[in-house]
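**Student:** Taken in order, these protein sequences are the chains called A and B. Counting in UniProt numbering, the first sequence runs from 1 upward without gaps. Counting in UniProt numbering, the second sequence runs from 1 upward without gaps.
A hint or two may mislead.
As the list makes no split between identical chains, a pair holds if one copy fits it or if it spans any two.
Said to hold, decoys possible - Listed below are the simulated DMTMM-like cross-link pairs for lysine to aspartate or glutamate, each with C-alpha atoms no more than 20 Å apart in a straight line:
id, residue 1, residue 2
1, K232, D22
2, K132, E96
3, K204, D281
4, K190, D290
No lab work stands behind these hints: they were computed from the structure. Since this is a predicted model, take the numbers as computed values, not measurements.
Protein chains: 2
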Amino acid sequence: MSDKVLLDYGSGGRASQRLISDLFLKYLGNDELDRLNDAAVLNLSGRIAMSTDSFTVDPIFFPGGDIGSLAVHGTVNDVAMMGAVPRYITCGYIIEEGLPMADLERIVQSMGEAARHAGVKVVTGDTKVVPKGACDKIFINTTGIGEIIADPTPSGDAARVGDAVLVSGTMGDHGLTVLGTREGLDFEAKVQSDSAALNHLLVKLVRELPEVHVLRDPTRGGLATTLNEITKSSNVCCELTETSIPVRPEVKGGCSILGLDPLYLANEGKFICILPGEYADKALEIMRADPLGQDACRIGTMTDANPGKVVLVTQLGGKRLLGMLEGEQLPRIC
Amino acid sequence: MSDKVLLDYGSGGRASQRLISDLFLKYLGNDELDRLNDAAVLNLSGRIAMSTDSFTVDPIFFPGGDIGSLAVHGTVNDVAMMGAVPRYITCGYIIEEGLPMADLERIVQSMGEAARHAGVKVVTGDTKVVPKGACDKIFINTTGIGEIIADPTPSGDAARVGDAVLVSGTMGDHGLTVLGTREGLDFEAKVQSDSAALNHLLVKLVRELPEVHVLRDPTRGGLATTLNEITKSSNVCCELTETSIPVRPEVKGGCSILGLDPLYLANEGKFICILPGEYADKALEIMRADPLGQDACRIGTMTDANPGKVVLVTQLGGKRLLGMLEGEQLPRIC
């Protein structure tokens with residue numbers, strides 16, 4: 001194969017087939033993908049969760065991950081947030097002509113490792129190569145499906161007054177890392193993306209605590225935007241204690257230099273868990289027993305004070321409204 | 001909303017939500033999509049077919065269709081080729097900052113109409129907006145799932161010696177139309193894309209004729225490339241009669257001007273059906289009763305002459321090998 005991706009590799013002809021067998025099957029292959037039919041044949045039953053996400057992150061490699069692993073984590077997490085066991089994912093690659101083959105190989109290899117680690121199979125895919133300039137390096141879509149084990153299914157409209165609001169760890173790591181890498185900023189202390197597959201931890205959580213009301217990953221728009229969506233859907237008020245929200249000192253530092261708020265920065269390996277207050281300690285215990293939830297903590301409570309709003313009780317005891325992100329804080333963050 | 005797509009619309013914040021509710025839900029809305037959860041919850045059972053495709057067609061509007069309808073047809077057809085009833089699709093939009101909002105609206109509306117016509121629901125989606133220059137106008141990924149009703153499932157490796165090879169209509173219409181529109185060519189007679197959802201016809205076919213061995217849509221690489229894949233997977237020889245392959249005179253004319261072979265041009269509303277010779281007439285009868293199969297005909301037979309090869313018996317009685325497309329004949333055709 002050439003050391004750069006050529007238009008030929010997206011033709012559907014012989015060159016495409018070489019790329020698929022020599023590279024995609026090498027790292028992603030399994031019984032179903034190897035068949036190379038137009039569609040995969042899967043066995044599934046019951047209630048199915050299905051989610052899709054396109055990844056356009058810039059840069060495509062960043063501390064803690066790359067577009068290949070991120071594309072697995074993002075979709076696996078969205079499926080798992082429904083209280084489901086992610087089983088299968090598809091991948092659709094759009095590649096710019098001229099991308100170094102070594103970069104593509106590194107991305108596909110990383111996708112394969114992330115999928116194995118998450119316990120999902122890549123069962124079917126599609127590769128398009130577009131002429132130089134028609135896309136920036138590489139975009140990846142993944143779509144995932146899984147079997148729902150939680151009953152009732154956690155949902156953004158299921159938060160109730162009295163519920164505890166927990167997060168599984170520190171906020172803002174992914175967003176600040178991607179921005180810092182893109183802009184070539186050298187922060188004092190190194191930050192890295194939290195990109196990770198949360199499904200094993202989430203499955204444990206919903207198996208042991210069917211009382212969970214809401215599970216959500218605060219990706220684009222961050223914690224503040226995601227909580228705003230939940231309070232609006234559920235018509236409750238979220239009261240947060242500022243000092244209890246975990247943010248790494250190096251992320252705080254980077255944000256203050258750049259004028260960013262970590263509560264609006266994307267996370268790719270964290271989740272919000274909302275459940276009746278009496279189960280909060282049990283949930284934290286389960287979360288903290290997993291390396292991906294070791295910094296889990298309770299950050300607030302759902303009340304009936306200002307339905308549809310998120311209120312932050314600041315360090316000094318004041319209250320301020322935490323609005324929804326209006327426009328774009330950071331494009332191409334995932 | 002602005003008359004152009006702004007970066008803000010991909011932020012995950014308030015501007016994103018306006019775009020989703022005012023535009024996407026308006027044309028694609030249904031019970032499941034309206035919930036706006038991170039993943040859709042679906043009821044499915046048994047053997048499931050799943051397929052994914054990214055669409056990067058240039059131009060985004062062409063005679064007979066656009067990227068919105070094409071994105072539905074392409075995926076619905078891939079699912080249906082497994083002998084499945086397509087049920088649900090996801091859509092992932094990657095939009096270039098500055099795309100006229102009217103273009104986006106026309107595309108989403110067209111996607112909605114195509115989905116309704118095909119009888120599938122768009123159950124979940126994702127929208128990314130990338131800065132100007134990071135992608136060319138708009139790319140759409142769709143992933144579809146459906147319930148398999150054919151037993152055994154049609155498969156590319158199931159062709160047998162003695163099988164008849166049928167096509168559902170004329171070859172090359174889509175490829176020539178897209179190329180002609182992109183290059184601003186004005187052919188003598190107007191050609192238009194055959195982009196269409198074949199699932200209703202295919203479901204009828206596999207219900208009445210469970211004996212079907214292979215169903216495939218000859219998209220990228222065209223009839224010749226798809227038949228090469230099948231003969232290699234099934235280890236049989238496909239002997240085609242050149243004069244029996246339906247090609248519109250205007251497509252023949254356009255191809256001869258441009259030096260293209262219609263047997264290698266993409267189709268988006270046609271399928272190849274391979275089944276035991278004794279069922280060929282019945283299959284043609286079913287196909288011809290449907291407007292999408294009215295030009296269906298038998299074009300050849302599977303033999304044991306040259307396993308893995310496609311042989312064309314020319315108009316003059318000569319035989320020539322029809323190889324697989326090597327590289328890229330036409331980029332961004334779908």
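**Student:** Sort out which numbered hints this structure fails and list those numbers smallest first.
**Tutor:** Hint 4 contradicted; others consistent.
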